[in-house]
Amino acid sequence: MSALAYDGTAMLGRQLRRVRNNPGLLILTQTMPISMLLFFGYVFGSALAVPGEEYRRFLVPGLLVATAAGGIMTGMFQAAQDTHRGVMDRFRTLPMSRAAVPLGQAAADVVVTAAGTVPFLLVGLAVGWRIEGGALAAAGAFGLLLLFRFACVWIGVFLGLLTRNEDAAGQLGGATFLLPLLSNAYIPTEGLPGWLRTVAEWNPISAVTTALRDLFGNAPVPDGAAWPVAHPVAGSLAWCAVLLLVFVPLAVRTYAAGPK
Amino acid sequence: MRYGRTMTTTYAVLSEGLEKRFGDVHAVRGLDLAVAEGAVVGMLGPNGAGKTTAVRLLATLLRPDAGSARIAGHDLVREPGAVRRSIGVTGQYASVDGDLTGRQNLRLFARLHRVRDTAARATELLDRFGLTEAADRPASTYSGGMRRRLDLAASLIRHPAVLFLDEPTTGLDPVSRNQIWDAVGALKARGTTVLLTTQYLEEADRLADQIVLVDRGRIAHSGSPPQLKALIGSYAEVVVTHPDAMTRAAGVLDRLTGAEPSFDHERHAVGVVSVDPTLTLPRLVRELDAAGVPLVDASLRPPTLDDVFLRLTEGTATDLSDLKERAA
Numbered sequence: 000m001s002a003l004a005y006d007g008t009a010m011l012g013r014q015l016r017r018v019r020n021n022p023g024l025l026i027l028t029q030t031m032p033i034s035m036l037l038f039f040g041y042v043f044g045s046a047l048a049v050p051g052e053e054y055r056r057f058l059v060p061g062l063l064v065a066t067a068a069g070g071i072m073t074g075m076f077q078a079a080q081d082t083h084r085g086v087m088d089r090f091r092t093l094p095m096s097r098a099a100v101p102l103g104q105a106a107a108d109v110v111v112t113a114a115g116t117v118p119f120l121l122v123g124l125a126v127g128w129r130i131e132g133g134a135l136a137a138a139g140a141f142g143l144l145l146l147f148r149f150a151c152v153w154i155g156v157f158l159g160l161l162t163r164n165e166d167a168a169g170q171l172g173g174a175t176f177l178l179p180l181l182s183n184a185y186i187p188t189e190g191l192p193g194w195l196r197t198v199a200e201w202n203p204i205s206a207v208t209t210a211l212r213d214l215f216g217n218a219p220v221p222d223g224a225a226w227p228v229a230h231p232v233a234g235s236l237a238w239c240a241v242l243l244l245v246f247v248p249l250a251v252r253t254y255a256a257g258p259k
Numbered sequence: 000m001r002y003g004r005t006m007t008t009t010y011a012v013l014s015e016g017l018e019k020r021f022g023d024v025h026a027v028r029g030l031d032l033a034v035a036e037g038a039v040v041g042m043l044g045p046n047g048a049g050k051t052t053a054v055r056l057l058a059t060l061l062r063p064d065a066g067s068a069r070i071a072g073h074d075l076v077r078e079p080g081a082v083r084r085s086i087g088v089t090g091q092y093a094s095v096d097g098d099l100t101g102r103q104n105l106r107l108f109a110r111l112h113r114v115r116d117t118a119a120r121a122t123e124l125l126d127r128f129g130l131t132e133a134a135d136r137p138a139s140t141y142s143g144g145m146r147r148r149l150d151l152a153a154s155l156i157r158h159p160a161v162l163f164l165d166e167p168t169t170g171l172d173p174v175s176r177n178q179i180w181d182a183v184g185a186l187k188a189r190g191t192t193v194l195l196t197t198q199y200l201e202e203a204d205r206l207a208d209q210i211v212l213v214d215r216g217r218i219a220h221s222g223s224p225p226q227l228k229a230l231i232g233s234y235a236e237v238v239v240t241h242p243d244a245m246t247r248a249a250g251v252l253d254r255l256t257g258a259e260p261s262f263d264h265e266r267h268a269v270g271v272v273s274v275d276p277t278l279t280l281p282r283l284v285r286e287l288d289a290a291g292v293p294l295v296d297a298s299l300r301p302p303t304l305d306d307v308f309l310r311l312t313e314g315t316a317t318d319l320s321d322l323k324e325r326a327a
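Quick note, the sequences are listed as chains U and Z, same order.
Read in order, the letters of the first sequence are residues 0 to 259 in numbering that gives the first Met the number 0.
Read in order, the letters of the second sequence are residues 0 to 327 in numbering that gives the first Met the number 0.
Simulated from the structure, these hints should not be mistaken for laboratory data.
Treat the hints with caution; some may be incorrect.
What the hints assert, rightly or not - Some chain Z residues judged to face chain U by a derived CB distance under 10 Å, without partners named: (1) THR59; (2) LEU61; (3) GLY80; (4) VAL82; (5) THR89; (6) GLY90; (7) VAL95; (8) GLY97; (9) ASP98; (10) PHE108; (11) LEU111; (12) ALA153.
Said to hold, decoys possible - Partial pick of chain Z residues on the chain U-facing surface, computed with a CB cut under 8 Å: (13) ARG84; (14) ASP96; (15) GLN103.
Glycine is no exception: its CB is placed at the ideal position from the N, C-alpha and C atoms.
Next comes chain U alone, as it looks inside the complex (with noise of 0.2 Å):
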């Protein structure tokens, strides 16, 4: 077995026992996209033109997305809390494979999300959401999803080692919220305003979001999408392509190199 494969095996092992070890942050952070399920789905759905329950179907995905985009912050609050706690310095320290620790910390996280994501499920389910497409379909669907997270990781685990600071990253990470506000997750962007939704859809939350819509057989394309959404599964491969190809060799190099 290579370096990498067997300090990232060791690594990734490392971050399920400590999740074993604390399962009620797993819980905790998996109550956030149900109640917004409810909350978007029942409170505001009601408000809306379209009827609840296909809102609801619409919605789903989108908090898959978001969620998932969410791994921004737990990566970076993650790698910051590791550098601060000074166990960072000591893997440094160790004879290891440099890319084994991000890597252990982002394979983690898409274990662990695969997992949350189950009683996610099971309420959408609950509330009227349906896989109404094909079982092959489906399964690309949480492909992308998890593809899509583990790139989010990626962009956490940069910005937490550059910013070494837990209250920095749970500030900054807080921020990670705005972003599926301004994509199609919670809301269609074919009524925002032309430059706005031309913003909206190159989001990559949004093309990630409209490719489960459509593996799902939630919601059919858009008209007039941006490439991206338009083009929903290549555009969401391609984004995780080039959020990993700038984001991995960025959070390797940093983890390397250590604090200046």
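Got chain U sorted already, so can you dock chain Z onto it with the hints?
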């Protein structure tokens, strides 16, 4: 093991002209350090002297701006992997994962060190550092002393050739401090080379074979504790019955030491610094008595490392009573 050899001494740490800047701050300016294999070296200096930066450089946590070093025979910059396989690091920064238990931490680090039986190694270290009872509690619940012992255990997974301890006992209570000191003593007995930084002179005096005084990013002085103490000499002080006898006493002290005496008129005391190892208290008393000096009290106090430290790093104090005041 054979590392960089110079004449007959083998050095576990050998650095030349190491430099590190952080923006405008020149934290380490030309660090030349030679630590013999198996030695315990104490790096002593005030806050901000550059001790921690020096250790972080030598432990591959920072990249030097200039200079070179060999750790256990491996080049610091070109072979960081080999250096990391030879060292253990414990400091306020190189810590353990508070969310994992003591055992989980040690097993993780053992695994990353490619130890085959991680469970056995963890059990052995937990036992050695008296952590067996707390082994399965999260490290975040440990007391300061337990935490530091776990840090130390984590640094010793692979019997490092060189152990870096950055302020290993700062903030610990006396009992925990003694435990760490015992552990360092045991490592020394096994032949582990130890480079420790400390602000406590007592700690350096007790543990180190060699002391390196660091001031403003440079080594101000180095030597064994007795050598450093000899550098600044002992402080002899005599008290006489009445003021008139002070001049006579000063004459004798001047003759014996060749140093200029200082006077404390209020206490009728005369003091002088002696760097002469043959000047003992009986001889001092005999000489003064033979000269007819009416003695009330006489003392010959060897310098503490505090005296050495203040004298050699501040460079501003000229008179020993002044130094004594500062040390107190």
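Results for each hint:
Interface restraint check: THR59 (chain Z) against chain U, minimum CB-CB distance 7 Å, threshold 10 Å, status holds. Annotation: interface hint on LEU61 (chain Z) holds; nearest CB of chain U at approximately 7 Å, less than 10 Å. A hinted interface residue such as GLY80 (chain Z) counts as satisfied when its beta carbon comes closer than 10 Å to some beta carbon of chain U; here the least separation is about 5 Å, so the hint holds. Checking VAL82 (chain Z) against chain U by beta carbon gives a least distance of about 9 Å; that is within 10 Å, so the hint holds.
Residue-level restraint check for THR89 (chain Z) holds (minimum Cβ-Cβ distance to chain U is 9 Å; threshold 10 Å). The interface hint given for GLY90 (chain Z) holds, since its Cβ lies 8 Å from the closest Cβ of chain U, which is under the 10 Å cut-off. Interface hint at VAL95 (chain Z): satisfied, since its Cβ lies 7 Å from the closest Cβ of chain U, which is below the 10 Å cut-off. About 6 Å separates the beta-carbon of GLY97 (chain Z) from the nearest beta-carbon of chain U, less than 10 Å, and the hint is met.
The interface hint given for ASP98 (chain Z) holds, since its Cβ lies 4 Å from the closest Cβ of chain U, which is under the 10 Å cut-off. Interface restraint check: PHE108 (chain Z) against chain U, minimum CB-CB distance 7 Å, threshold 10 Å, status holds. The interface hint given for LEU111 (chain Z) is met, as the beta carbon of that residue sits about 5 Å from the closest beta carbon of chain U, less than 10 Å. Interface restraint check for ALA153 (chain Z): the shortest CB-CB distance to chain U comes to about 7 Å, inside 10 Å, so the restraint holds.
A least Cβ separation of about 4 Å between ARG84 (chain Z) and chain U falls short of the 8 Å threshold, and the interface hint therefore holds. Given hint, ASP96 (chain Z) at the interface with chain U, holds; its Cβ is 5 Å from that chain's nearest Cβ, closer than 8 Å. Taken as an interface hint, GLN103 (chain Z) checks out: its beta carbon lies about 6 Å from the nearest beta carbon of chain U, inside 8 Å.
The earlier numbered hints are all upheld by this structure, with none contradicted.
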